[in-house]
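Trainee: Residue strings, one per chain:
Number of protein chains: 4
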Amino acid sequence: MVSQRNKQDLLNRMRRLEGQVRGITKMIEEDRYCVDILLQISASRAGLQKVGLSILDSHTRGCVTSAIKENRGDEMVDELIDVLDRFMK
Amino acid sequence: MVSQRNKQDLLNRMRRLEGQVRGITKMIEEDRYCVDILLQISASRAGLQKVGLSILDSHTRGCVTSAIKENRGDEMVDELIDVLDRFMK
Amino acid sequence: MVSQRNKQDLLNRMRRLEGQVRGITKMIEEDRYCVDILLQISASRAGLQKVGLSILDSHTRGCVTSAIKENRGDEMVDELIDVLDRFMK
Amino acid sequence: MVSQRNKQDLLNRMRRLEGQVRGITKMIEEDRYCVDILLQISASRAGLQKVGLSILDSHTRGCVTSAIKENRGDEMVDELIDVLDRFMK
Chain F
152 MVSQRNKQDL LNRMRRLEGQ VRGITKMIEE DRYCVDILLQ ISASRAGLQK
202 VGLSILDSHT RGCVTSAIKE NRGDEMVDEL IDVLDRFMK
Chain G
152 MVSQRNKQDL LNRMRRLEGQ VRGITKMIEE DRYCVDILLQ ISASRAGLQK
202 VGLSILDSHT RGCVTSAIKE NRGDEMVDEL IDVLDRFMK
Chain P
152 MVSQRNKQDL LNRMRRLEGQ VRGITKMIEE DRYCVDILLQ ISASRAGLQK
202 VGLSILDSHT RGCVTSAIKE NRGDEMVDEL IDVLDRFMK
Chain H
152 MVSQRNKQDL LNRMRRLEGQ VRGITKMIEE DRYCVDILLQ ISASRAGLQK
202 VGLSILDSHT RGCVTSAIKE NRGDEMVDEL IDVLDRFMK
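Protein chains in written order, with our numbering: chain F, 152 to 240; chain G, 152 to 240; chain P, 152 to 240; chain H, 152 to 240.
Keep in mind the hints are simulated off the structure, nothing from the lab.
Mixed in with the good hints, there may be bad ones.
It does not matter which identical chain is used: a pair holds within one copy or between any two.
Pairs of lysine-lysine, DSS-like flavour, derived with a Cα cap of 25 Å [said to hold, decoys possible]:
| no. | residue 1 | residue 2 |
| --- | --- | --- |
| 1 | K158 | K177 |
| 2 | K201 | K220 |
| 3 | K201 | K240 |
| 4 | K240 | K220 |
| 5 | K177 | K201 |
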């Protein structure tokens with residue numbers, strides 16, 4: 152679970168990312184220069200990665216930490232490694 | 152420049168991606184399970200990558216090819232490699 | 152710390168990767184086709200990523216889990232997220 | 152094809168990378184701290200990426216440019232996009 156403060160920050164970042172992604176659609180619609188579109192795509196992907204890393208942080212500090220303290224950490228770590236594997240691609 | 156047919160396909164994919172990104176915001180708002188959010192982020196990043204690759208394809212076949220044929224390919228390739236460098240991160 | 156069994160597996164994978172990386176050098180030396188070299192580079196990077204993920208797994212199950220159980224998990228998670236951030240690039 | 156000057160630079164970088172990869176094996180052998188090993192893996196992957204980008208640059212300026220000038224650029228670009236797709240993962 153994400154803390155209230157962190158949640159607001161993530162929501163703000165997601166709204167900006169929504170705008171950025173809509174901006175990419177518009178750039179394609181308006182036949183803007185490919186390289187400029189690619190740079191925007193690159194920026195949005197980096198922004199999503201940053202949100203993901205922040206969620207990973209909360210998840211590890213929250214759910215994973217609780218599970219480990221209650222001696223049921225193993226499946227949690229399996230799941231974490233699995234999601235990291237996908238995330239790194 | 153992206154061809155008309157390819158453009159429509161890209162716009163369809165971008166609309167789906169817009170929905171996916173709004174979906175991530177909603178998941179954060181509703182305190183959904185972190186791992187599920189991370190999987191959605193991962194899927195959106197992969198979708199953006201795929202759109203990017205398709206734009207790279209058009210760009211190389213279009214602008215870069217024309218520039219090379221007119222013997223002004225060098226700066227185009229500089230710019231291409233530069234955008235690839237950012238894109239790969 | 153990596154378990155003995157996992158360690159042997161990692162060492163075997165690393166020896167193969169060492170051979171693969173030497174193979175890339177040789178391909179460059181022998182002026183082999185660029186695309187073939189790029190595919191080998193891509194395979195080596197994927198192999199290194201896999202070794203990294205396996206070490207991340209051991210680290211989370213080992214050091215991070217112990218630290219969390221002894222209520223000194225916070226810095227460990229900071230360090231973990233920091234290394235993930237670099238790793239994802 | 153890579154130019155002679157660029158080739159020597161690539162070979163120097165590859166020798167350093169070979170050493171770095173052997174260093175990772177040694178770190179695993181000596182049970183070094185996981186996070187330190189992960190940072191080395193991360194650095195080697197970034198080094199390989201850089202070599203790859205430099206080869207991509209030569210390939211685009213050389214083979215791809217020649218093929219385009221001789222009106223047989225299409226398959227070359229197909230191949231290029233295909234290798235970029237793998238490379239970005």
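Trainee: With reference to the structure, classify each hint as holding or not holding.
Mentor: Now for the hints, and whether the structure bears them out:
Proximity of K158 to K177 under the C-alpha cut-off of 25 Å is restricted to the inter-copy arrangement: shortest distance 11 Å between copies versus 28 Å within a copy. Taking the shortest alpha-carbon separations for K201 and K220, neither the intra-copy value of 27 Å nor the inter-copy value of 28 Å comes in at or below 25 Å. When the C-alpha separation of K201 and K240 is checked against a cutoff of 25 Å, the pair qualifies both within a copy, at 15 Å, and between copies, at 11 Å. For the homomeric pair K240 and K220, neither the shortest alpha-carbon distance inside one copy (30 Å) nor that between copies (31 Å) is at most 25 Å.
In this homomeric assembly, K177 and K201 come within 25 Å of each other (Cα to Cα) both inside a single copy, at 24 Å, and across copies, at 17 Å.
Going down the numbered hints, you'll see the structure goes against 2 and 4, while the others check out.
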